[in-house]
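Colleague: Next come the chains, spelled out residue by residue.
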Amino acid sequence: MTLAVLFAEAHGDVQAKNPILPETKELIWGGIAFLIVFSLLAWKAWPAIRQALADREARIRADLERAEQAKAEAEGVLADYQRQLAEARNEAGRIIEEARQAADQVRRDLIARAEAEAAEMRRRAAEDIRLASERAMADLQSRVAELSIELAEKIVERSLDRETQMALIENYINQVGSASS
Amino acid sequence: MILGAFEFPPIDELFRWKDVLLDDTPVAINKTAILMLVSATIVVVLFVGGSRRRRLIPGRLQNLLEVTYEFIDRGIARDVIGPEGARYTPFLGSLFLFILFTNWWSVMPFIQFPPTSRFGVPLYLALQTWVIYWFVGFRHHGIRYLTGHIFPAGVPKPLYLLVTPIELVQLLIVRPFSLAVRLLANMMAGHILLAALALLTAYALQNAPVIALGPFLLNIGVMAFEILVGFLQAYIFTLLTAVYIGDSLHPAH
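Chains as they are written, first to last, in our numbering: chain A, 366 to 546; chain B, -9 to 243.
Hints in this document: simulated from the structure, not taken from any laboratory.
Take these hints with a grain of salt, some might be off.
Said to hold, decoys possible - Away from chain A, derived, C-beta distances all over 10 Å, residues of chain B: (1) E(-3); (2) V38; (3) R50; (4) Q52; (5) R129; (6) P155; (7) E157; (8) A188; (9) N209.
What the hints assert, rightly or not - 25 Å max Cα-Cα, derived DMTMM-like pairs, lysine to aspartate or glutamate: (10) B:K147 with B:E157; (11) B:K8 with B:E(-3); (12) A:K409 with A:D420; (13) A:K409 with B:E56; (14) A:K409 with B:E74; (15) A:K436 with A:E422; (16) A:K519 with A:D504; (17) A:K409 with B:E(-3); (18) A:K519 with A:E535.
Idealized CB from N, CA, C, for every residue including glycine.
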């Protein structure tokens, strides 16, 4: 009902004035309405919005700066790690080289000792062989002498006395021995 | 023809409203006044309420308010006036929003009437702009604001006969008058056009329903256009106000 009245078009009861001419009441209410908007917005809304924008700008700037700083820090740490890694690698290389040299030394020592031992063994073996062969030669000499005597005895049938025979044979074997050696 | 009997109602019926309160006083309240007060309330609720809870990551409403603020602050105040234009952002922003929200009643269903099509409203706003640019001019340049405008440097003395009256009339009358009339005429014309098309549609529906679709579709199209016009006129009014204030701060002459 009130709405109907509110928006009812004015018919005859408003005197026919040119619709383009300003009406005081509308000018006044326009001013009041605008001043309400201006005063409340200037008091409450615009500063708050400006502050929100400024806050965000400051926050974003701070974040960017912090990110930049963190990046620089990270780069520093990375360089540090890389340096340490390079050092560790050098150290490892050095240790390996040392170990290799030590191993080489050990190997050379072992070979030298083995060679020395082998030479010693060879020398001792040769000595043994020489002794054995000398002994065998002596055995052989005596054995040959005995056999020769036996043989000669059988041939001449005791024509010579034993002393003279032994001297004869000894002499012969010595000749044989010096001729064969 | 079919439309031969169509009669357009008296123009007063489209623009003049009964007083509903304080009848026949200088502060009588009618539809125009109520719509302006409702506009003011909407703008205040939207902007004061919306800016109350500030968040770092804005919601839709906060985003809208911030975009509006930047539009006025960067797009109008600082762009037109210069760095010191930021001081005028609150005024220019309030001006823009008030005009925008009163203009848009023209396409609001069941209301369909822009208070800015009543001369009193644009006249008040234009006079306000007029007072402000004179005040700013005199505050910053004293009497030289006026003399600099009406006796521009570099103009041959005899030409002052011609230039001085033109500049004076421009400063005193043309600027506020053109501001007020531009807004009034645009909103009034839009309102008449929409009313005519709506009445035509209604009349056609009763008498020749087949052709009712024509004015109906045209009406929809013009309504969409009126949304644009409402925005554009609010923008132009605010922009020119900023231009006049800027001219008072740094007179070009």
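Colleague: Let me make sure I understand: some of the numbered hints might not hold for this structure. Which ones are they, in numerical order?
Modeller: Failing hints, ascending: 2, 4, 17.
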